[in-house]
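Just so you know, the sequences run in chain order A and B. Mapping of the first sequence onto our numbering: residues 31 to 326, in sequence order. Mapping of the second sequence onto our numbering: residues 986 to 1190, in sequence order.
These aren't lab readings, by the way, just hints derived from the structure by calculation. Please note that a few of the clues may not be correct.
Unchecked claim - Only pairs whose alpha carbons sit at most 27 angstroms apart, straight line, appear in this in silico DSSO-like list of lysine-lysine:
hint, chain 1, residue 1, chain 2, residue 2
1, A, Lys-311, A, Lys-151
2, B, Lys-1034, A, Lys-92
3, B, Lys-1152, A, Lys-256
4, A, Lys-191, A, Lys-102
5, B, Lys-1004, B, Lys-1073
6, A, Lys-83, A, Lys-151
Predicted model, so just to flag it, every value in this text is computed and none were measured.
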Amino acid sequence: MKKENSRRSFIKKVSLATFSALALSGCNGAALDEFLQQNFRTLSKKEKDAIVKNLEKKYKAKYGKEFHVSDKPALEGTLFGYALDLSRCIGCRRCVYACVKENNQSREPQIHWIEVLQMEKEKGIDFAHSNAQYNPEKVPEEGYFYVPIQCQQCKNPPCVKVCPVKATWQEPDGITVIDYNWCIGCRYCMAACPYGARHFNWGEPNIPVEELNPEVHYLGNRPRVKGVVEKCTYCIQRSREGKYPACVEICPVGARKFGNLLDPDSEIRYILENKRVLVLKQELNTQPKFYYFFGI
Amino acid sequence: MNFFRFITGSVKIIFRGNKTYYAWLIFLLLLILWGGSGYLGQINTGLIKTHMRDSVSWGFYIGNFTFLVGVAAAAVMLVIPAYIYDWKPIKEIVIFGELLAVCAVIMCISFIIVDLGNPLRFWHMLPLVGTMNFPSSMLSWDFFVLSFYLLINLFVVTYLLYCIFYKKEYNKSIVLPLVLLSIPMAVAIHTTTAFLYNALPGRVF
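My request is simple: use the sequences and hints to build the entire structure.
Okay, structure coming up:
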């Protein structure tokens, strides 16, 4: 008799404990919702709107700034292309810093989406002997030319192929994006990218609050957390509003050209049709939409 | 009930031993606690603690994972003579080989989990609740094949040990098909390391 009672009371206690634990955990509904959030591509418009609102609230609480999170989809009939004039680039790195400011990249640990490689004019495009840490008094240095590298938005992206959870994909307007709430941080995409264009948040990103850019896109420059991969998104928060990416606007010598490849009258189409154009690591068949040319 | 008794009985056997055995167990436990505290530090500050950086984004974790996949697949070297060629002398240690395979695969999966920037999100890799990128991503294939190999070996080993515990003869029609399945599975788990590394274009900057 005694044994029966003790087993029954034990089961009662355990189920009560479990139920209360579940009930208590339900109190932090927002955090639980965010954890159980599905892959961005599978969400409905209503779910996306709710997530965006939630993010704005979260950023307001964390940084004390009013954030505008956009989830604007790709514009009809656009395929973004980028061209960089190697004969003009002086290696000043203004594009690197403008990108950092525009896209809320971590200052400590430092993340740069654009990396400028210094190469010798004698050797031409030679990655093995390039130097990304050049630091002279003045640029450009005699006998060298500069190749800024950022995400090439390949038509055949190796990073998209290898992501085990489909957290990165290419949008219809040609921009390869990452869902920061879905990325598990395995870094396979970073190993697969032949251009070293993807960067990882090894530690918690630190940005001084006054330098935060509050105009963000869900798939672009919204503040990230540690443990996710990030990269250039052609300033998706700007290009989908018809503006130029920050790097294009800041370049002091006009080496960067950006436009819609599907528009036959665009600058980028003119360059592709009339200039000497090359792509990096062509033999890997990644088919980048980032073209390098010689303008003068 | 029988199974529960088998578990408790096995646990009793594990804790039966002399001083040297206990010293060894305590030493291993200390190593585990040391590793655990290191991982706790990593969870708090992030993977920056590992000193891996963008240029070398995979380090010791994936290296050890690769090595242990090889160890796990090596169990097939004992399984083939024991079950296909029915060679008596090796039948005595084949179960140790399978136990080692189980431990090695558990360690493989653990190494992947500690390497992730967001380990709690590993469920994103599962087929129905998440979005598994199979067969395009080698890491998905990896996960699928390792889990399957673990399940097969775990089941076979538990069943064999259960039979030995109760001094019964094991049922060949249960064990043999699973063991035969584990042979191509061992080859399959070895492909993960090959495909994982081969599919990556290297860069010098």
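Cross-check of the supplied hints:
no., hint, result
1, A:Lys-311 / A:Lys-151, "holds, 18 angstroms"
2, B:Lys-1034 / A:Lys-92, "holds, 25 angstroms"
3, B:Lys-1152 / A:Lys-256, "violated, 53 angstroms"
4, A:Lys-191 / A:Lys-102, "holds, 24 angstroms"
5, B:Lys-1004 / B:Lys-1073, "violated, 34 angstroms"
6, A:Lys-83 / A:Lys-151, "violated, 51 angstroms"
The structure is inconsistent with the numbered hints 3, 5 and 6, although it conforms to all the rest.
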